[in-house]
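Number of protein chains: 2
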Amino acid sequence: MNHETINLADKLSRFSEHWSPRVIAEMNDYQFKLAKLKGEFVWHDHTDTDEVFIVIKGTMHIEFRDGLIQLSEGDMYVVPRGVEHKPCAAEECHVLLVEPRGVVNTGQAGGELLAENDVWV
Amino acid sequence: MNHETINLADKLSRFSEHWSPRVIAEMNDYQFKLAKLKGEFVWHDHTDTDEVFIVIKGTMHIEFRDGLIQLSEGDMYVVPRGVEHKPCAAEECHVLLVEPRGVVNTGQAGGELLAENDVWV
Numbered sequence: 001m002n003h004e005t006i007n008l009a010d011k012l013s014r015f016s017e018h019w020s021p022r023v024i025a026e027m028n029d030y031q032f033k034l035a036k037l038k039g040e041f042v043w044h045d046h047t048d049t050d051e052v053f054i055v056i057k058g059t060m061h062i063e064f065r066d067g068l069i070q071l072s073e074g075d076m077y078v079v080p081r082g083v084e085h086k087p088c089a090a091e092e093c094h095v096l097l098v099e100p101r102g103v104v105n106t107g108q109a110g111g112e113l114l115a116e117n118d119v120w121v
Numbered sequence: 122m123n124h125e126t127i128n129l130a131d132k133l134s135r136f137s138e139h140w141s142p143r144v145i146a147e148m149n150d151y152q153f154k155l156a157k158l159k160g161e162f163v164w165h166d167h168t169d170t171d172e173v174f175i176v177i178k179g180t181m182h183i184e185f186r187d188g189l190i191q192l193s194e195g196d197m198y199v200v201p202r203g204v205e206h207k208p209c210a211a212e213e214c215h216v217l218l219v220e221p222r223g224v225v226n227t228g229q230a231g232g233e234l235l236a237e238n239d240v241w242v
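These protein sequences, in sequence, are chains E and S.
All residue numbers for the first sequence refer to my numbering, where the first residue is 1 and numbers rise by one.
All residue numbers for the second sequence refer to my numbering, where the first residue is 122 and numbers rise by one.
Pulled out of the complex, with its shape left as it was, chain E reads as follows:
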């Protein structure tokens, strides 16, 4: 069998686009994605699934309709299914996302930040 290890920094070095998650691994029907965030994303939710953010580098925040959280390197947060949220990063921030295969970055909100899905790096 192929015993390929995945290095997060190496994978991050292979793309530069913001708000464009790249798949690096699959576990069962879940995907691990790296993303580079900068600026303000759109308000959206994922009606069918929770979504995990783990900050690899930098800082970001996530706005909710009832509050806001700050996340720095080594911080993790689980956005519950159906909860509207808006990720933002004043400076470029690198995150690891975990969610089921098929989840679209903007949920049903769409718009110009809608990224092509299932793009591997």
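Hints listed in this document are in silico derivations from the structure and should not be mistaken for laboratory results.
Warning: the hint list may mix true and false statements.
[Unchecked claim] Dumping the calculated BS3-like pairs for lysine-lysine here, alpha-carbon to alpha-carbon at most 30 Å:
(1) S:Lys178 / E:Lys38
(2) S:Lys178 / S:Lys207
(3) S:Lys159 / S:Lys207
(4) S:Lys178 / E:Lys57
(5) S:Lys159 / S:Lys178
(6) E:Lys86 / E:Lys38
(7) E:Lys57 / S:Lys159
(8) E:Lys57 / E:Lys38
(9) E:Lys57 / E:Lys86
Here the structure of chain E is known, so what remains is to put chain S in place on it, guided by the hints.
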């Protein structure tokens, strides 16, 4: 709602036992667990699920019946379901594990390194 963030280093500071995974978060029916590894684990497999290792600190290796991989900080590996493996760490190594709720650390192998399941930190 409760907007609690999770800091990996803080959670790691709260336990010291080796080979005893602690749950830090749930996403749908999956759990994120931190574990401190040192020494040799037992040969085992998980017949129903893949299992993700992400190294947070230190180095480890995973033996397979047909080879071996080395993992350092920032490295990730997905052990496919049903594949026998034996994690080892010469010095203490901290890892983040991702797998469905209910997975037992030794699979069906049991033994003295069988850890209580679903222990949160």
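Evaluation of the provided hints:
no.: 1; hint: S:Lys178 / E:Lys38; verdict: holds (27 Å)
no.: 2; hint: S:Lys178 / S:Lys207; verdict: holds (19 Å)
no.: 3; hint: S:Lys159 / S:Lys207; verdict: holds (12 Å)
no.: 4; hint: S:Lys178 / E:Lys57; verdict: holds (15 Å)
no.: 5; hint: S:Lys159 / S:Lys178; verdict: holds (12 Å)
no.: 6; hint: E:Lys86 / E:Lys38; verdict: holds (12 Å)
no.: 7; hint: E:Lys57 / S:Lys159; verdict: holds (27 Å)
no.: 8; hint: E:Lys57 / E:Lys38; verdict: holds (12 Å)
no.: 9; hint: E:Lys57 / E:Lys86; verdict: holds (19 Å)
When held up to the earlier numbered hints, the structure conflicts with none and fits them all.
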